[in-house]
Amino acid sequence: MPAVRLEGLTKIFANDAVGRRVARTIAAATGAPSLTAVDHIDLDVRDGEFFSMLGPSGSGKTTTLRMIAGFELPTEGRVLLHGVDVSTQPPFQRDVNTVFQDYALFPHMSVSDNVAYGLVVRKVPKTERVRRVGEALDMVRLTGFDKRRPSQLSGGQRQRVALARALVNRPRVLLLDEPLGALDLKLREEMQIELKAIQQQVGITFIYVTHDQEEALTMSDRLAVFNRGRIEQVGAPAEVYERPATAFVAGFVGTSNLLRDDVARAVVGQGGTFTVRPEKIRLAEPEDPVGSDETSALGRIRSVVYLGPDTRFVVTLDAGAELVVTQQNLVTSSMDALALEGKAVRLIWKRTHNYRVADSAA
Amino acid sequence: MTSGTRATPPELTPALAGSARRRLAAALHRRPRLRLGLLLAGPAGWLVIAYLGSLAILFLNAGWSRDPFTGLVHRDWTLANFGQLVTNPLYRTVALRTVGMAIAVTVTCALLAFPIAYYMARVASPRVRGLLVVAVLMPLWSSYLIKAYSWRQILSNDGVLNWALSPLGIHGPGLNEVGLWLVLTYLWLPYMILPVFAGLERIPTSLLEASADLGGRGLMTFRRVILPLVFPALVAGSIFTFSLTLGDYIAPSLITTTQFIGNVILANFGVPNLPLAATLSLVPLVIVTIYLLIARRLGAFEAL
Chain E
1 MPAVRLEGLT
11 KIFANDAVGR
21 RVARTIAAAT
31 GAPSLTAVDH
41 IDLDVRDGEF
51 FSMLGPSGSG
61 KTTTLRMIAG
71 FELPTEGRVL
81 LHGVDVSTQP
91 PFQRDVNTVF
101 QDYALFPHMS
111 VSDNVAYGLV
121 VRKVPKTERV
131 RRVGEALDMV
141 RLTGFDKRRP
151 SQLSGGQRQR
161 VALARALVNR
171 PRVLLLDEPL
181 GALDLKLREE
191 MQIELKAIQQ
201 QVGITFIYVT
211 HDQEEALTMS
221 DRLAVFNRGR
231 IEQVGAPAEV
241 YERPATAFVA
251 GFVGTSNLLR
261 DDVARAVVGQ
271 GGTFTVRPEK
281 IRLAEPEDPV
291 GSDETSALGR
301 IRSVVYLGPD
311 TRFVVTLDAG
321 AELVVTQQNL
331 VTSSMDALAL
341 EGKAVRLIWK
351 RTHNYRVADS
361 AA
Chain W
1 MTSGTRATPP
11 ELTPALAGSA
21 RRRLAAALHR
31 RPRLRLGLLL
41 AGPAGWLVIA
51 YLGSLAILFL
61 NAGWSRDPFT
71 GLVHRDWTLA
81 NFGQLVTNPL
91 YRTVALRTVG
101 MAIAVTVTCA
111 LLAFPIAYYM
121 ARVASPRVRG
131 LLVVAVLMPL
141 WSSYLIKAYS
151 WRQILSNDGV
161 LNWALSPLGI
171 HGPGLNEVGL
181 WLVLTYLWLP
191 YMILPVFAGL
201 ERIPTSLLEA
211 SADLGGRGLM
221 TFRRVILPLV
231 FPALVAGSIF
241 TFSLTLGDYI
251 APSLITTTQF
261 IGNVILANFG
271 VPNLPLAATL
281 SLVPLVIVTI
291 YLLIARRLGA
301 FEAL
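Those protein sequences? They're chains E and W, same order as listed.
Numbering-wise, the first sequence is residues 1 to 362 according to my numbering.
Numbering-wise, the second sequence is residues 1 to 304 according to my numbering.
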């Protein structure tokens, strides 16, 4: 039985005060006055998996999460937790807990009081409460911080308190709404590893909302790519990255290297939309030979960006499109690469790396 | 210097004046303390002379005494008036009555203000919220005297309140302490609503969601999250309702025949026994000072 099942889940923001506020935010993010935030979503999240909902702002991923938590009521469709329809249950009756984007720690309570809140509310006896709060703080490596106030903690520490406060209740599903969004890169990478480790340790289903494709790819067992209130693809990270179902997924998860219609006919030999990952492409001299199992295209290097371990080239194809090519800086130094701007090149890649995608709805 | 200025060709004067201004600006920039001093000299002078000065005079007066036969003021400072305050049971009764009224009005205002402020801050649409803020502020635009007199008419024996209640067979509170409690609650309610409204508006929605998410129902969320967070704002509002009630003498004299501190002070102006009036004025001053010290400990000043 799936941990979470969404059936035809739809959210159209009604004409009340809260609805208008949320709808305005979404309209501002997408540039469309549309009020349909989530549009008939069907999804199964398996028990015990780390599942990410990936998409740009306004794509409906947070609204979907809020409907699972119970903060929003679906306009249509159902939310099932372990087979039980909870669509109209208030948040306090659902066996899920949330880690909020802004952490939402209670500023007037100490760290241990924050973590104990769910246990106090559920009238867990004091001795058990103290033990479980201690365990939860141990797990997020905040032992000894119990007397501090949230205002005396760093962003990363607050994030850990929020995690402990949710996990201490031992929910069957933990919802995380861009929990690492406010942290700096270094800390974010550390927390990604730690979160994943904690998830494996406690074995709780994690549903993780993020707009960061790298985060989604590194942490998830599976992920769903959201666009305009719909899910474009669900799958394991490698599957979504290597075999994007739509042009949108190809562009959002990774770099959008699209060959369309005439360009596709010229380069690949067939019409339609194709994508090729930038790291699969090799830069060569225009006169270099091309193997029978390879695709190639002539072009000119428009710009070179040095990224440390890699260099990124933007190449304008003679056929008309632009392709991004990344090369690891194994032998060549970046200095040599920078001198290549304006040079005519041949791009070569394996035919098997041409991947046909469906065009996303506008 | 003057002659030098006169000798300067006219077209050069603005440039010179400009450079003098610039030099002054530069000099002030180098001396931030002097700049601050010049900026604050006016307001600080006003505070010291008009405010602290009058307090000092009040305190000085409080120790003087009035000769009952000649009516002249003896300017030798004694504690005699303060002794009267303690020994004369009338003053103690009046002081306690006034403080009691201030507490009653404050608690009532807090109880009334919370639901209104909550609706304004967290339920109403932006449009309705704007209208409500105006509606709460509107009574403050009309004269205090008119409002007090209107209430006198409303509460009087053949007033509109008794007329409205008569079909139910109930009689209104009439012109007494209960009536005064109603009037003062009406008068000071906006001063409670506004800080509580601001305090409630500052609570992020996610905190309420987090409480619900962790299993807290409405009452639990109110008791453990909303109330503690809005408490400093309630105390901030109570500073107004409490001290305004403590010092008021017009509403008490219009609505009741009972004596409150303000009336007693006013009566001593009439006698005239200004020294005793000054001593009596120190009573609400001391009470409010104690109240403010408590309020500061409760974090009310951060909520203002």
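Be a bit skeptical, because a hint or two may be false.
Said to hold, decoys possible - Only some residues are given here: those of chain W computed to face chain E with a beta carbon under 10 angstroms:
id, residue
1, Thr-205
2, Leu-207
3, Ser-211
Claimed, not checked - The following residues of chain W were derived to be distant from chain E, with all beta-carbon distances above 10 angstroms:
id, residue
4, Ala-20
5, Leu-58
6, Leu-72
7, Leu-79
8, Thr-87
9, Leu-96
10, Val-134
11, Pro-204
12, Ser-206
13, Ala-212
14, Leu-214
15, Gly-215
16, Gly-216
17, Val-225
18, Leu-229
19, Leu-254
Stated by the list, open to error - Here are some chain E residues the structure puts well away from chain W; computed CB gaps all over 12 angstroms:
id, residue
20, Val-84
21, Asp-85
22, Asp-95
23, Ala-284
Simulated from the structure, these hints should not be mistaken for lab results.
We treat Cβ as the ideally placed atom computed from N, Cα and C, and that holds for glycine.
Consistency of the hints with the structure:
no.	hint	verdict
1	Thr-205	holds (9 angstroms)
2	Leu-207	holds (5 angstroms)
3	Ser-211	holds (7 angstroms)
4	Ala-20	holds (49 angstroms)
5	Leu-58	holds (40 angstroms)
6	Leu-72	holds (59 angstroms)
7	Leu-79	holds (45 angstroms)
8	Thr-87	holds (46 angstroms)
9	Leu-96	holds (34 angstroms)
10	Val-134	holds (18 angstroms)
11	Pro-204	violated (7 angstroms)
12	Ser-206	violated (4 angstroms)
13	Ala-212	violated (4 angstroms)
14	Leu-214	violated (4 angstroms)
15	Gly-215	violated (4 angstroms)
16	Gly-216	violated (5 angstroms)
17	Val-225	violated (6 angstroms)
18	Leu-229	violated (6 angstroms)
19	Leu-254	holds (42 angstroms)
20	Val-84	holds (17 angstroms)
21	Asp-85	holds (19 angstroms)
22	Asp-95	violated (10 angstroms)
23	Ala-284	holds (54 angstroms)
In summary, the structure is inconsistent with hints 11, 12, 13, 14, 15, 16, 17, 18, 22 from the numbered list given earlier, while agreeing with the others.
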